[in-house]
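2 protein chains.
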Amino acid sequence: MAVGAKPPWRSRPSSGDSPGTRETLILVAGQLMTEKGSPEFSLGELSQRTGLSAALVQYHFGSKRGLLMALVERGTQKAVAQLKALEKMEASASVKLKIHVHGLVAAYANAPYINSLLHLMIGNTSEEGARYISRIFIEPVAAFYRSLIAQGVAEGSFRAIDPMHFYFILVGACEHIVVRRQAWRHVFGVSLEGEALRSTYADTVYQVVLNGVRK
Amino acid sequence: MAVGAKPPWRSRPSSGDSPGTRETLILVAGQLMTEKGSPEFSLGELSQRTGLSAALVQYHFGSKRGLLMALVERGTQKAVAQLKALEKMEASASVKLKIHVHGLVAAYANAPYINSLLHLMIGNTSEEGARYISRIFIEPVAAFYRSLIAQGVAEGSFRAIDPMHFYFILVGACEHIVVRRQAWRHVFGVSLEGEALRSTYADTVYQVVLNGVRK
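Sequences listed follow chains A and B, in order. Using this note's numbering, you'd call the opening residue of the first sequence number 365 and step up by one each time. Using this note's numbering, you'd call the opening residue of the second sequence number 365 and step up by one each time.
Chain A extracted, bound-state conformation:
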């Protein structure tokens, strides 16, 4: 990168300023974490992969932490938009549950770093910060579950399970495949990389939870 009289990372970011650079840094940070399976990449690695100066991270995000936060917010916004679209779909609660479970398993399998990342962000932050991360990440999912259960109960297909319990069971089951991804290999001798395994697991989670909450 050329160094000018007024390096961009010393000036204040303005809207419309290098959206491509921000996007690239977020995208490649995600790729690095997926490859490593953890958020432990260095800004040097990011710089090498993107061809962009590490100082641009500071300029655009303040710090590596700010970059990770932007990545979490970006991923969350996308996921929340999908949940809202699913909530409004013309479909039964069972069908929505099936689509959601397959989406959730795929999301975790595609971003196996997400659990370590949240762990890191929540662990190294204030009470206020932990509350914020919990809320942007969990509240929209809990809201979707409240609506889904209400629909299922109205249709006569679900019993009135506590949405909080539903949240901890369903997300726990889906998240667990990445939390213990070493176990797939070491204990069960299979790899999470394969599409087939993800899809079979998602089917099983859907069947167990659907039967589990059936009236």
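Among these hints, one or two may not hold up.
[Claimed, not checked] List time: in silico EDC-like cross-link candidates among lysine to aspartate or glutamate, alpha-carbon distance up to 20 Å:
| id | chain 1 | residue 1 | chain 2 | residue 2 |
| --- | --- | --- | --- | --- |
| 1 | B | Lys452 | B | Glu503 |
| 2 | A | Lys579 | B | Asp567 |
| 3 | A | Lys428 | A | Glu399 |
| 4 | B | Lys579 | A | Asp567 |
| 5 | A | Lys462 | A | Asp567 |
| 6 | A | Lys400 | B | Glu492 |
| 7 | A | Lys448 | A | Glu503 |
| 8 | B | Lys462 | A | Asp526 |
| 9 | B | Lys462 | B | Glu519 |
| 10 | A | Lys579 | A | Glu519 |
| 11 | B | Lys448 | B | Glu437 |
| 12 | A | Lys462 | A | Glu559 |
| 13 | A | Lys462 | A | Glu519 |
| 14 | A | Lys579 | A | Asp526 |
| 15 | B | Lys400 | A | Glu492 |
| 16 | A | Lys460 | A | Asp567 |
| 17 | B | Lys400 | A | Glu491 |
| 18 | A | Lys452 | A | Glu503 |
| 19 | A | Lys428 | A | Glu409 |
| 20 | A | Lys462 | A | Asp526 |
| 21 | A | Lys400 | B | Glu491 |
[As the list claims (entries may be wrong)] Just some of the chain B residues that point at chain A, by a computed CB distance under 10 Å:
| id | residue |
| --- | --- |
| 22 | Asn479 |
| 23 | Ser480 |
| 24 | Ile486 |
| 25 | Ala494 |
| 26 | Phe501 |
| 27 | Glu503 |
| 28 | Ala506 |
| 29 | Met528 |
| 30 | Val535 |
| 31 | Gly536 |
| 32 | Cys538 |
| 33 | Gln546 |
| 34 | Trp548 |
| 35 | Val551 |
| 36 | Val554 |
| 37 | Leu574 |
By construction, these hints were calculated from the structure, which means they are not laboratory data. Just so it is clear, the structure is predicted and the values come from calculations on it, not from any experiment. Note that CB positions come from ideal geometry on N, CA and C, so glycine has one too.
Dock chain B against the given chain A, drawing on the hints supplied.
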């Protein structure tokens, strides 16, 4: 601690050598992690709480990591003994499942640091080490599930669910209450400390999984 001519932490540990000290260090390390909700305690804190020199950790366990490993192994041995006793019990697969789920939820709620601890141990070790930890921690549970499902199928109460899937769903649901324990407070406004919440959650997990695998 009195310092003698030949400090015990310079001599080689022999069987029967200070079993009380080893036990105390393991026990208090567990207490500190429970209070903090993470394995991030210092040897200084451990020393202050036990009144024992921090050098005794090196003598008995080689390092803090060795102490944590001893704690994991101790906890695992106890849990495996309980699983084996449960497996041999004269009871239906459904009753065994109920006892197991309540035990699992209680175990996680009583040792909320366990997930961070495993995360830390698996993350900072060799491939060989990760395999070892996965196996001592997961293999016995998977073996219990194989036996439980076979019994349930033989009794006509369970369908033949894949024990690996069963493992990831059930343990994921139970572990999730400590992985996201901030969420109980921040999103749902309840505390995991209460007996009632644990018990209600365990009941729900049992009902959902039992209905979920029912033939």
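Quick rundown of the hints versus the structure:
1. B:Lys452 - B:Glu503: Measuring from Cα to Cα gives roughly 18 Å; hence the hint holds.
2. A:Lys579 - B:Asp567: holds (16 Å)
3. A:Lys428 - A:Glu399: Between Lys428 (chain A) and Glu399 (chain A) the Cα gap is close to 18 Å, so the pair holds against 20 Å.
4. B:Lys579 - A:Asp567: Holds: Lys579 (chain B) and Asp567 (chain A) sit about 16 Å apart, inside 20 Å.
5. A:Lys462 - A:Asp567: holds (8 Å)
6. A:Lys400 - B:Glu492: holds (18 Å)
7. A:Lys448 - A:Glu503: Holds, because 13 Å separates the two Cα atoms, which is no more than 20 Å.
8. B:Lys462 - A:Asp526: holds (19 Å)
9. B:Lys462 - B:Glu519: Holds, because 16 Å separates the two Cα atoms, which is no more than 20 Å.
10. A:Lys579 - A:Glu519: Holds - the C-alpha atoms of Glu519 (chain A) and Lys579 (chain A) are around 10 Å apart, at most 20 Å.
11. B:Lys448 - B:Glu437: Distance of about 16 Å is within 20 Å: holds.
12. A:Lys462 - A:Glu559: It holds: about 17 Å lies between the C-alpha atoms, which stays within 20 Å.
13. A:Lys462 - A:Glu519: Status holds; Cα separation ~16 Å.
14. A:Lys579 - A:Asp526: Roughly 14 Å separates the two Cα atoms, so the pair holds.
15. B:Lys400 - A:Glu492: Status holds; Cα separation ~18 Å.
16. A:Lys460 - A:Asp567: Answer holds: Lys460 (chain A) to Asp567 (chain A) is near 13 Å, not above 20 Å.
17. B:Lys400 - A:Glu491: holds (14 Å)
18. A:Lys452 - A:Glu503: holds (18 Å)
19. A:Lys428 - A:Glu409: Status holds; Cα separation ~12 Å.
20. A:Lys462 - A:Asp526: holds (19 Å)
21. A:Lys400 - B:Glu491: Given pair Lys400 (chain A), Glu491 (chain B) holds - Cα atoms ~14 Å apart, limit 20 Å.
22. Asn479: Check passed: Cβ of Asn479 (chain B) comes within 7 Å of chain A, closer than 10 Å.
23. Ser480: holds (7 Å)
24. Ile486: Holds, about 6 Å.
25. Ala494: Hint holds; Ala494 (chain B) Cβ to chain A Cβ min 5 Å, cut 10 Å.
26. Phe501: holds (8 Å)
27. Glu503: holds (5 Å)
28. Ala506: Because about 6 Å separates Ala506 (chain B) from the closest Cβ in chain A, which is inside the 10 Å limit, the hint holds.
29. Met528: Since the shortest Cβ distance to chain A is 5 Å, the answer is holds.
30. Val535: holds (6 Å)
31. Gly536: Since the shortest Cβ distance to chain A is 3 Å, the answer is holds.
32. Cys538: Cβ of Cys538 (chain B) sits 7 Å from chain A, so the hint holds.
33. Gln546: Holds - the Cβ of Gln546 (chain B) comes within 10 Å of chain A, reaching about 5 Å at its closest.
34. Trp548: Constraint on Trp548 (chain B) satisfied, holds at 8 Å.
35. Val551: Status holds, d = 5 Å.
36. Val554: holds (8 Å)
37. Leu574: holds (8 Å)
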